[in-house]
Structure formats: C-alpha cells, structure tokens
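In order, the protein sequence lines correspond to chains A and B.
39 is the number of the first residue of the first sequence in the numbering used here; add one for each residue after it.
128 is the number of the first residue of the second sequence in the numbering used here; add one for each residue after it.
Fair warning: there could be bad hints in the mix.
Just the calculated beta-carbon pair ranges, DEER-fashion [as the list claims (entries may be wrong)]:
id	chain 1	residue 1	chain 2	residue 2	range
1	B	Glu251	A	Gly150	23 to 31 Å
2	B	Met224	A	Ala122	34 to 42 Å
3	B	Met224	A	Gly90	35 to 43 Å
4	B	Gly163	A	Ala125	21 to 29 Å
5	B	Ala177	A	Asp187	41 to 49 Å
6	B	Gly141	A	Glu166	37 to 45 Å
7	A	Asn86	B	Glu251	19 to 27 Å
8	B	Phe165	A	Asp72	19 to 27 Å
The calculated SDA-like cross-link candidates involving lysine to any residue, where the alpha carbons are at most 25 Å apart (straight line), are [what the hints assert, rightly or not]:
id	chain 1	residue 1	chain 2	residue 2
9	B	Lys209	A	Val188
10	A	Lys61	B	Asp200
11	A	Lys102	A	Gly186
Now the stretches of chain B that chain A is said to cover, found in silico as 3 or more residues with beta-carbon under 8 Å [claimed, not checked]:
id	segment
12	152-162
13	173-182
14	194-204
15	212-226
In short, the hints are calculated from the structure, not lab data.
This one's a predicted model, so the numbers in the text were calculated from it and none came from an experiment.
Idealized CB from N, CA, C, for every residue including glycine.
If you want the building blocks of each chain, they are given just below.
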Amino acid sequence: MLPEEVTNFIGKRGDVRITEVDKGAIRRYAEAIDDPNPLYGDAEYARNSRYGSIIAPPGFWGWKTKWAQSEGGGYSDPRGGLVAALAKAGFTNPAAVNAGEEYEFFCPIRPGDTLVATSAITDISEREGRTGRMVFIVTETTYVNQTGDVVAKSRSIGMRR
Amino acid sequence: MAKQLYWEDVEVDGEVTPLPKIATRQMLVKWAGASGDFNPLHYDDSFAEASGVGKPIVHGALKRAWLVQLMTDWIGDRGTLKKFSCQYRGMDYPRLMKSMAEPQEGETWWCKGKITNKYVEGDEHFVDCDIQVENGKGEVTTPGKATVVLPSRG
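Assemble the whole structure, with the sequences as input and the hints as a guide.
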C-alpha cells in the first residue's frame, strides 16, 4: 500500500511548461533520430506540400522557454514534491524510468508556434515485480498553441523503484 | 519522399515497410541535446551502474521517435498520424563509436508494423497498426499501436 503522502499527488496539477518551436530545433530533432523527411527541413519542399510550411515531427513540442510552477509547488517541486514523498516511502532509486507513452494528435505544429503544456497526475499505483516494488506514475498533458487550438494530448507512464 | 500510399493499397495483416535503426552513444547524446532529456542514465556509466541498468540505455523517447518515423515514412506526406502509443518493456544498449561517423559492429534495431484494422469514419479513411522495435536478437523491446488516416482514391 502506498502511503497517503504519495497518493495525495493523484489529481495534482503539474507545472505549466511553455515551449517555442523553431526551425533549428526541429532540424536538430530530426537529425538526432536520423529522419531525413523533407517536411522537417526543406522549406521549399514543405511549402509545396499540403502543409504549406515546415512542420515538426509528431511528438516534438519545441524547446522549453518558461516553466511556471503551479500553486502549492506542484508535484515536480524537488523539495516538497512527489519524488521526495516516494523516497520516504522507500522508492529511493534516483533513476526515473519512462515506461510508456500515448499520444493523440489534432493538428500540425509549425516553426514559430508557442505551445502551453499543462499536466496533471491521473494515477499512481504500486506493483510487485520480479525485481521488487515498483511505482507507476501516470501524467496527462494537453498542448495548446498560440491560437488556442489543442494540438495534442499525451499520457505518459513513469516508473520508479 | 517515396510514392504516396492510399487506403485502398492497404490490407489487414499486411505489413508496414520496416525501418532499420542503429542506436549509438553518439545518437543518444544528439537525442539528449535535441529533446532536452539530460537524464544521466543515458550517457553516464557510473550513474547507469548505480541505477541498476549496467550501462547507459537507449532513451525510451528515442525509440518512440523511431516508431513515429516508421509510420510517417509509410503513410507519406498525405497521410496523418492520429494516435500513437508505445511501452518501454525492454532495455536497449547503444553501440559505441569506432570513429567520428562510424559505429562499432553490433546490433541493428528494426522498427516493424502490422495492419490490424481498416475502416471509414465520416469522410476519413483509418488504418490501425501494431508496431514494435525489435533488438538485434529479434526480441520486442518496445511494442505499440498507431492509428493513421490515409488518402483515398475513392
């Protein structure tokens, strides 16, 4: 059983992350994957595509420019946040492991976009694995662009032990 | 880009064109810089050792990005990726570099997919796929699912 100190974080809103999408960051991202898709780097090709401009690869949200802590510190506060509560409950391994992700994409992201990402923890659960106790943290995030369109939603599962 | 895929070209149980990938420590460093994920688990030997994974492992999100490319390459410019998910079940260890540009001998990862369903909703033509990253031994380390919309000849 997880202590209340941990489960109290279910439903807690995370920090608001503001990201800016620029051409260079899109290109670096595509290059890091080794994805030569011309929609991500060839302005002329992209202009003649149905998008009319360069777009970002699905799953790229640009570069973080501001990180506003939500009221009450949010769950990512290093002192009073979830990580500290988990450590108290015995999950002391420093590594946060990414266990899985889900995305829904609604419209393309383009250079020049500013995205506001808001997250909330929707579930925290414990599982006994072959290698000991593990805790899974589900975070849901909504991405909204500068014209108010919801461009994507994500659900990510983090694991700590 | 390759020629455009149409919804009519796709059959259930058919395969998504496989995409080979070679993860190297160099690629992980580039990914860290490009994604902003500076978790030392992916580049610091002693941190990886202390975390219990032995050596630095490939970022889950990098494998996610490979699987996104698997789908976007396949669906072409006029296809749209609508939904995507993957689970990081097994760890992958990148190759080291032999030179600035050349990886050492080692594993090649394959991104693969299989069509599980095709249907029409409204005026959109959907295809569902099971997707996965396989390591050099053919073990699935990263299974997932994708839903795409393809243009129709109709």
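Notebook entry, point to check: Do the beta carbons of Asn86 (chain A) and Glu251 (chain B) sit within 19 to 27 Å of each other?
Noted result: 24 Å, holds
Checklist line | Coverage assertion for the segment 152-162 of chain B with respect to chain A, Cβ distance below 8 Å, three residues required | finding: holds (count 6)
Notebook entry, point to check: Does the alpha-carbon distance linking Lys209 (chain B) and Val188 (chain A) stay inside the 25 Å limit?
Noted result: 13 Å, holds
Check: Do the Cβ positions of Gly141 (chain B) and Glu166 (chain A) conform to the proposed distance bound of 37 to 45 Å?
Finding: 40 Å, holds
Margin query: Please verify whether Lys102 (chain A) and Gly186 (chain A) have alpha carbons no more than 25 Å apart.
Written below: Holds, at roughly 18 Å.
Checklist line | Cβ separation of Glu251 (chain B) and Gly150 (chain A), checked against the hinted range 23 to 31 Å | finding: 28 Å, holds
Checklist line | C-beta pair Ala177 (chain B), Asp187 (chain A): status relative to the range 41 to 49 Å that was hinted | finding: Holds, since Ala177 (chain B) and Asp187 (chain A) (Cβ atoms, about 43 Å apart) stay within the stated range.
Note to self: Taking 8 Å as the Cβ threshold, is the statement that the segment 173-182 of chain B is covered by chain A upheld or broken by the three-residue rule?
What the structure shows: holds (count 5)
Notebook entry, point to check: That 21 to 29 Å hint for Gly163 (chain B) and Ala125 (chain A) (C-beta), does it hold up?
Noted result: Holds, since Gly163 (chain B) and Ala125 (chain A) (Cβ atoms, about 24 Å apart) stay within the stated range.
Note to self: Please check whether Phe165 (chain B) and Asp72 (chain A) have a Cβ separation lying inside 19 to 27 Å.
What the structure shows: At 20 Å between Cβs, range holds.
Notebook entry, point to check: Are three or more residues of the segment 212-226 of chain B within 8 Å, CB to CB, of chain A?
Noted result: Held - the segment 212-226 of chain B has 4 residues with a Cβ nearer than 8 Å to chain A, which meets the minimum of three.
Notebook entry, point to check: Is 34 to 42 Å right for how far apart the beta carbons of Met224 (chain B) and Ala122 (chain A) are?
Noted result: 38 Å, holds
Every hint from the earlier list agrees with this structure, and none is contradicted.
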